[in-house]
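Asker: Take a look at the letters that make up each chain.
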Amino acid sequence: MKITFVKKIKSDGKPCQKCAEVQTRLEQEGFINKISRTVIADERDPDSEGMQLARQYTVDRAPFFIVEEEGSEAKIYTVYFKFVKEVLNKEASEKDTAKDLMDNNPDLDFL
Amino acid sequence: MSKTEFNPRQAALEFDSETPESIIKLALENFDNIAISFSGAEDVVLIDMATRINPDVDVFSLDTGRLHAETYQFIENVREHYNLDIDILFPDSESVQELVRNKGLYSFYKDGHQECCSIRKVIPLRRKLLSLDAWITGQRKDQSPGTRNTVPVVENDSAFSTADKKLIKFNPLSNWSSARVWEYIRNNNVPYNPLHEKGYISIGCEPCTRPVLPNQHEREGRWWWEEATKKECGLHAGNLDK
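If you read the protein sequences in the order shown, they are chains A and B.
End of the first sequence = 111 in the working numbering, gap-free, step of one.
End of the second sequence = 353 in the working numbering, gap-free, step of one.
Treat the hints loosely; a few may be bogus.
For lysine to aspartate or glutamate, the following EDC-like pairs were computed, each having C-alpha atoms within a straight-line distance of at most 20 Å [said to hold, decoys possible]: (1) B:Lys-309 x B:Glu-331; (2) A:Lys-95 x B:Asp-174; (3) B:Lys-276 x A:Glu-86; (4) A:Lys-95 x B:Asp-222; (5) A:Lys-14 x B:Glu-337; (6) B:Lys-277 x A:Glu-86; (7) B:Lys-214 x A:Glu-21; (8) A:Lys-18 x B:Glu-226; (9) B:Lys-239 x A:Glu-91; (10) B:Lys-252 x A:Asp-107; (11) A:Lys-75 x B:Asp-275; (12) A:Lys-90 x B:Asp-275; (13) B:Lys-277 x A:Glu-94; (14) A:Lys-82 x B:Asp-268; (15) A:Lys-18 x B:Glu-337; (16) B:Lys-221 x A:Glu-21; (17) A:Lys-95 x B:Glu-226; (18) B:Lys-239 x A:Asp-96; (19) B:Lys-239 x A:Glu-94; (20) B:Lys-239 x B:Glu-205; (21) A:Lys-10 x B:Glu-337; (22) A:Lys-85 x B:Asp-268; (23) B:Lys-214 x A:Asp-96; (24) B:Lys-239 x B:Asp-203; (25) B:Lys-239 x A:Asp-107; (26) B:Lys-221 x A:Asp-103; (27) A:Lys-95 x B:Glu-205; (28) B:Lys-276 x A:Glu-94; (29) A:Lys-14 x B:Asp-222.
Keep in mind the hints are simulated off the structure, nothing from the lab.
It should be emphasised that the depicted structure is a prediction, and the values quoted were computed from it without experimental measurement.
Next up, chain A with everything else stripped away, as it sits in the complex (with noise of 0.2 Å):
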């Protein structure tokens, strides 16, 4: 299994807030070795190889992470506690799972 993991520059050439939280998840949670390459989207780069990943898998988001296995079709995750289950096999924390719930639904705070 190939496991790519894409994070941001923003436009204004800071890092993105969220892409180096997931990063400190995955080392903090042992994961970061399962990750096979990380690659960067540049904001300010439209070619930059992780601008180039979005378009490719049409992505909107960031970070997000690709998974390729011999056979099959490549799965994209753009939510980490799904990532880690479904690709790691292991349950996120509830207060991890509610964050990245509230990072990719950003009216669910205003129900």
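The hints should help you fit chain B onto chain A, whose structure is shown.
Answerer: Below, chain B alone, put in the same frame as chain A:
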């Protein structure tokens, strides 16, 4: 489980032009294990409509511990007015204690509202939704034009569905404007939160909600101090379109 095989995409197409009452009827006819999410604001119209169909409809509400006194009183008024058992959901006390111990009572003004909302709102909501097959919300397209302009009247809830269990979400008010909701409230003598008389449109927790001025969007009354950072996760569309 739905009583029969339910196709949310097809239902959304068929019911997009239907009245909220018809959409609620569709929901209640197709699901037994279903509940209305009541925020203590103008979504009270869902309760008014649903109790005309089923007086014992299930309703739940999230008590974050930080609501306005007026909202607590209003929830109680609704309970009595409709003779309903409203299931009040509370956050996990240890999580709240840990947050407050580490960051104080107003951490959201410093590092954003997400952590507090996660603990006080999203986790209790998720626990509740894991027990349901479907839920009914007051979400409307006009509430947040940037993100809600595609709210279908029925949908597969991709946020709270799990690999093992599908959750259906009904948004009967999706196509109604705020003005239309208030027309219904006035015409039907529906009780409403007295905060609306003080200039509040969208009502959430007390520290994170403020009244808005005429012609300000209701979203401007919520988390007004952190607008600049809200859309950081998006990848710039212009670049993607290249």
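Asker: Tell me the hint numbers this structure goes against, listed in increasing order.
Answerer: Every hint satisfied by this model.
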